[in-house]
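There are 2 protein chains.
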Amino acid sequence: MKVVRASKAGFCFGVKRAVKLSEEASKKKGPVHTLGPVVHNPQAIERLEHMSVKEINEIREARRGTVIIRAHGIPPEDYKVLESKGIEIVDATCPFVKKAQDYARMLHDEGYAIVIIGEKDHPEVRGIKGHAKEATVIETPEEAERLQMCGKMGVVVQTTQEQAVVGKIIPILFNKTKELRVFNTICSATGERQEAVKGFAGKVDVIVVVGGRNSGNTRRLAQIAGRIAPTYHIETARELKKEWFRGAKTVGVAAGASTPDFVIDEVVKRLESY
Amino acid sequence: MKVVRASKAGFCFGVKRAVKLSEEASKKKGPVHTLGPVVHNPQAIERLEHMSVKEINEIREARRGTVIIRAHGIPPEDYKVLESKGIEIVDATCPFVKKAQDYARMLHDEGYAIVIIGEKDHPEVRGIKGHAKEATVIETPEEAERLQMCGKMGVVVQTTQEQAVVGKIIPILFNKTKELRVFNTICSATGERQEAVKGFAGKVDVIVVVGGRNSGNTRRLAQIAGRIAPTYHIETARELKKEWFRGAKTVGVAAGASTPDFVIDEVVKRLESY
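Those protein sequence lines, which keep their order, are chains A and B.
Taking our numbering, I'd label the letters of the first sequence as residues 5 to 278.
Taking our numbering, I'd label the letters of the second sequence as residues 5 to 278.
Next comes chain A alone, as it looks inside the complex (with noise of 0.2 Å):
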C-alpha cells in the first residue's frame, strides 16, 4: 500500500511558535503553568509536562510564578487578572489569532454590531469574543439566517474555519445589514492543510487524519476529507486498524495544526508496514 503524505500538515507557524515559548519559559524559576493546553493535542502536552510544565484549566487556580498564553489567545479580563497577580506572562498568543482580536476590538470602537464566525466554545473563539465586548457567534448559515437586521455589522472569522463555508454565510450576513465589513481572518496555513486535503480527490482510496479530538482545526480537515474518501480521524498510531485499509492501494495522510511531527511519522511508519 502507497502512503501519500498531505504536501501540508502538523505545526503551524503559531503553534510551533507557542511550544517553543513553552520549552523556554519551562526554564524560569518558579512555577510554569499553562491556562488550558498549549495546543490541543494531547501528545504534544506530554512533552512539556516532562519539563515541569503544568496544565491548569482555571485563570484561579494561577498564584505566582509563569503563566503562558497559549495560541488560542485568551479575552482581555484574563489578562488583568493574571496582572493583578503578579503573574509572569508568556504570550504565545498566534499573531494572527491576535489580529483578529485587534480587528473585533477595532469593530467595536467604531461602532459595529460583532459577528464572529466560529465555534462557541472554542477558546480563540472566547478570546476574540472578550476583545469584542459583545458579538454574536455563529457557524453555519443557518444560524446566519436567524440574525437581526442592524446598521452596520462587523465580521471576524476563527482563524481554522473553512473559506468554503465562510463564504456561504457572507451574503446572508449581506442580507442583513446596510454596511457589511469583514475581516477574513482565516490563515494562511488552514487554508494550506484544507487545500492539501482537497488535492487527494481522486488520488488515494482512504485518507487518515492525525490529530487531537479536541482540536477544531483537525476536526475541521477531517470533515473535509470525509467528502473525498473514506476517513478516519486518530489521535496517534496506535488507534490504526489494519482492515480500514483492506483492498487500497493508496493512503493519504493529513494532520491538523496541532499535529507535531513525531506523531504523524509514526502513523506514516505503521501505515507503510502494511
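Calculated directly from the structure, the hints in this document are not laboratory data.
All the given hints hold, so there is nothing to weed out.
If chains are identical, the list can't say which one is meant, so a pair holds when it fits in one copy or spans any two.
Simulated pairs of lysine-lysine, DSS-like, Cα-Cα distance not exceeding 30 Å:
1. LYS31 / LYS89
2. LYS89 / LYS58
3. LYS20 / LYS156
4. LYS124 / LYS84
5. LYS20 / LYS180
We have chain A already, so just place chain B on it with the hints.
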C-alpha cells in the same frame, strides 16, 4: 381579462423629487437645461420639454442659465466645470445616489480598492465612479471572478441593482481580499418594485413591464418578471398587442421607478378594454 397592478410601481422618491425640482427650475430666467434626460423615460421628458426644460447631452453644451443635475448624479469634475462657467446648478441627484457617492469617496480616502457593482455605462455608475476616483465596475459573478486579489476592498452598489445578484457576487469578492467592506446602497424603492413583481408568481399568466428602454431599473424588473411568466417590456400603451394575451386570464402590470403614473394608467386602461 383581469388586470393586476403591482403593489409598488412607478416613480420613486428620488425621481418624483427630480421631476418636481425640474418643474420649479422651468420658471427660472434664462435657459434651463437638464444634463441628460432627468429620468429615463421619454414620456416624462416630453412633458418637461413643454415647459421649456431642454436636454443637453454634453456638459460643454451648457453656456449660461441653469443646469439641472438629474437623479443619477454626476462626477465631481462636472460640478467644477459648471461652477467655472458661472452656471446655476439645480442638484436633483437622488439622496440615495448621493449616499453611494459619499461612501465611494470615503472608501477612496481610507485606501480601499473600490469595486462598484452596476452597469458600466449607466450615468449613476459613471457618477459614483467619479467620486471614487478609481474603481472597477462589475455586474456579474463572472466579472467578479476575474478581479485581482487586493488587501482591502470597498464595495458600493448601483441603487437599482438586484439584491439576489449582488448576493452572488459578494462571496466571490470575499475570496479576493483580506478585508471586504460593502455598503449595500440598493435603495428600498428598487427592492419594493422587484418584490412586487415577484409577488406575481403563480397569480398572473402574462406580465407587462412599463418603462423606458433606457431605464436600467425597468430592464431589471423585466428580467425578474421573465423568470415568472411571459413578459413584455413596453414604453407606452400604443405598443400593446392583443395577441400577447390570448388565453390569459390575468395580466400583471409592473413599472420602473422612472415611469410616470399617467403612462401606467393608460396601459392598465387599454388592457382592461381587451
